[in-house]
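S.K.: Residue strings, one per chain:
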Amino acid sequence: MDLFLQLVANGLVLGAFYALSALGLTLVFGLMRVVNFAHGELYVIGGLFGWALTAVFGWNYFLALVVVVIVLGILGYLIDQILIARVRGQGEEPTILLTIGLSIFIANTALLIVGTTPVTVASPFASKPLILGPVVITQARLLLVVICAVLIAAANLLIQKTTLGRAMRATFQDPMAAQLVGIRTPRIYGFTFALGATLAGAAGMLLGSIYVVEASTGGIISLKAFVVVILGGMGSFAGAVAGGLILGLTEALWGGYVSTGYVDAIGFALVIVTLLVRPYGLFSRRAERA
Amino acid sequence: MNAQTNILELRNLEVCYGKLRALNGINLQIREGEIVALLGANGAGKSTALRAISGLLAPASGDILYCGKSIAKRRPDLIVRDGIAHSPEERHIWPELSVRENLSLGAYCCPDRSLAEQRFESVLQRFPRLRERLSQLAGLLSGGEQQMLAIGRALMSGPKLLLLDEPSLGLSPLMSQEVLGALRELCQQGITILIVEQNVHSALSVASRAYVFETGRVVGEGSAADMLGNPDLLRAYLGA
Numbered sequence: 004m005d006l007f008l009q010l011v012a013n014g015l016v017l018g019a020f021y022a023l024s025a026l027g028l029t030l031v032f033g034l035m036r037v038v039n040f041a042h043g044e045l046y047v048i049g050g051l052f053g054w055a056l057t058a059v060f061g062w063n064y065f066l067a068l069v070v071v072v073i074v075l076g077i078l079g080y081l082i083d084q085i086l087i088a089r090v091r092g093q094g095e096e097p098t099i100l101l102t103i104g105l106s107i108f109i110a111n112t113a114l115l116i117v118g119t120t121p122v123t124v125a126s127p128f129a130s131k132p133l134i135l136g137p138v139v140i141t142q143a144r145l146l147l148v149v150i151c152a153v154l155i156a157a158a159n160l161l162i163q164k165t166t167l168g169r170a171m172r173a174t175f176q177d178p179m180a181a182q183l184v185g186i187r188t189p190r191i192y193g194f195t196f197a198l199g200a201t202l203a204g205a206a207g208m209l210l211g212s213i214y215v216v217e218a219s220t221g222g223i224i225s226l227k228a229f230v231v232v233i234l235g236g237m238g239s240f241a242g243a244v245a246g247g248l249i250l251g252l253t254e255a256l257w258g259g260y261v262s263t264g265y266v267d268a269i270g271f272a273l274v275i276v277t278l279l280v281r282p283y284g285l286f287s288r289r290a291e292r293a
Numbered sequence: 237m238n239a240q241t242n243i244l245e246l247r248n249l250e251v252c253y254g255k256l257r258a259l260n261g262i263n264l265q266i267r268e269g270e271i272v273a274l275l276g277a278n279g280a281g282k283s284t285a286l287r288a289i290s291g292l293l294a295p296a297s298g299d300i301l302y303c304g305k306s307i308a309k310r311r312p313d314l315i316v317r318d319g320i321a322h323s324p325e326e327r328h329i330w331p332e333l334s335v336r337e338n339l340s341l342g343a344y345c346c347p348d349r350s351l352a353e354q355r356f357e358s359v360l361q362r363f364p365r366l367r368e369r370l371s372q373l374a375g376l377l378s379g380g381e382q383q384m385l386a387i388g389r390a391l392m393s394g395p396k397l398l399l400l401d402e403p404s405l406g407l408s409p410l411m412s413q414e415v416l417g418a419l420r421e422l423c424q425q426g427i428t429i430l431i432v433e434q435n436v437h438s439a440l441s442v443a444s445r446a447y448v449f450e451t452g453r454v455v456g457e458g459s460a461a462d463m464l465g466n467p468d469l470l471r472a473y474l475g476a
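The listed protein sequences correspond, in order, to chains A and B.
Per our numbering: the first sequence ends with 293, consecutive numbering throughout.
Per our numbering: the second sequence ends with 476, consecutive numbering throughout.
None of these hints come from the bench; they were simulated from the model.
Take these hints with a grain of salt, some might be off.
No farther apart than 25 Å at their CA atoms in a straight line, the calculated lysine to any residue pairs in the SDA-like style are these [as the list claims (entries may be wrong)]: (1) K164(A) - E245(B); (2) K396(B) - A58(A); (3) K164(A) - E357(B); (4) K164(A) - S334(B); (5) K396(B) - R187(A); (6) K131(A) - P178(A); (7) K164(A) - I73(A); (8) K164(A) - D348(B); (9) K255(B) - P295(B); (10) K305(B) - R453(B); (11) K164(A) - R369(B); (12) K131(A) - A58(A); (13) K164(A) - K255(B); (14) K164(A) - H328(B); (15) K255(B) - V90(A); (16) K255(B) - Y64(A); (17) K164(A) - R453(B); (18) K164(A) - S371(B); (19) K309(B) - P189(A); (20) K255(B) - G92(A).
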């Protein structure tokens, strides 16, 4: 029983991290219909940049986080305006090819600059264990779960409650109507991709203080994020959270009771089942266009 | 006709979709405070003219004058700020936003919150059906309600000139009368209206003048009374 509780706690923590790392992907897909295969590379950039600022230059962790967020936002905006804008409105395939190319470019540039050595973001959080009855969890992880929850709630509030968020949703539901009420739609595309890049980069830096960051791990990060997003339903925030927790719990329990060798395959088995049984995911909401 | 009193003037306007020329040198004038109808068959270029006026399409040549100034190369958001609102064909409301969100985004360019609130109230007074449905998703409204929402959203920007594309399309005769009645009231409040309609009789029942479009040209113009009294024109161009 104690083992079960510990595994559940590990799974929930892991799930919160998965949810955070998938949030940018689901946002960019849900709003822009852009399947961003470079999502994992943006996460890696966030992690590597965070490592450079904290471990190499010795900056304060939170200051570095703010800088990472701003830099990734600018980078995301530029990627949209310079690259994605050229294939806008031409369906999903051109953007898929474009982001795959971008991911290869970023991954290899990162390899060139940083090399293959795994690095870690220097974190002020204590790795001291907290003992809660039968469950042991480090302070750092618990704190990160809280930060994940705050970021997820903040991103959701931005999209649901602010004028910018409404303008984003309006632009992606009907760009012509958005132009006709005076929304500058090219900027909205840029802001949305910037927000997605920001979330990816923030996830990379936050999780880079617990796990290692490697220039070449973008691909696996993207794949896990796709698993989370497909489980929950493309574009749904609640779905990303649920998908993350499901994946985290399943991996933890499978790893604890069955074998650790096949843990990474579990997510993909879940995706196959989801696509067969509920192809729109667990949480998608659709209103018919009249 | 004195050019000073024209709120809108199209001069020799040409618009192309790629290599396909949709408008072939259109000339028309709208005076402040009138309702003018653009008539013609499908594909005659009426909607294209509206899209060019609101900045969605760039003219290939010719000019668009609004209050005497050229707006032919202006961005759509600046044209909205200038006071031209466009309620497009097939309504184009945002189906997955609530009715309230649809309306409030209509005032996207209005920085004054209390003014936006005032407009919101007056739209709801004009279309009371929308008030009952404020929190519903707009995609769940009936066709008539969606049309009211589309017009209401256009009114939220506080326009001087309202462009309406097929407001009675797909509506029951009763609902269509309700919408046209609302247009008359708007005109009495001083909003100039340019309306595109395929239903000639409903268009001419609200408009004071009309232009007849055929394959990208204006082939006739006149007062609504003249048009209605000229069965040849109606039959020849509109099959009415």
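S.K.: Compare the structure with each hint and give your call.
M.R.: Status of the hints after comparison with the structure:
1. K164(A) - E245(B): Roughly 40 Å separates the two Cα atoms, so the pair is violated.
2. K396(B) - A58(A): With Cα atoms ~60 Å apart, K396(B) and A58(A) exceed 25 Å; violated.
3. K164(A) - E357(B): holds (21 Å)
4. K164(A) - S334(B): Given that 25 Å is the threshold and the Cα spacing comes to 12 Å, the pair holds.
5. K396(B) - R187(A): holds (21 Å)
6. K131(A) - P178(A): violated (51 Å)
7. K164(A) - I73(A): Holds, because 22 Å separates the two Cα atoms, which is no more than 25 Å.
8. K164(A) - D348(B): holds (18 Å)
9. K255(B) - P295(B): OK: K255(B) and P295(B) at ~13 Å, within 25 Å.
10. K305(B) - R453(B): holds (23 Å)
11. K164(A) - R369(B): Holds, because 19 Å separates the two Cα atoms, which is no more than 25 Å.
12. K131(A) - A58(A): holds (20 Å)
13. K164(A) - K255(B): Distance ~43 Å between K164(A) and K255(B) Cα, so the pair is violated.
14. K164(A) - H328(B): holds (22 Å)
15. K255(B) - V90(A): holds (21 Å)
16. K255(B) - Y64(A): The given pair, whose Cα atoms are some 57 Å apart, is violated under the 25 Å limit.
17. K164(A) - R453(B): violated (46 Å)
18. K164(A) - S371(B): holds (14 Å)
19. K309(B) - P189(A): holds (17 Å)
20. K255(B) - G92(A): Holds. K255(B) to G92(A) sits at ~19 Å (cutoff 25 Å).
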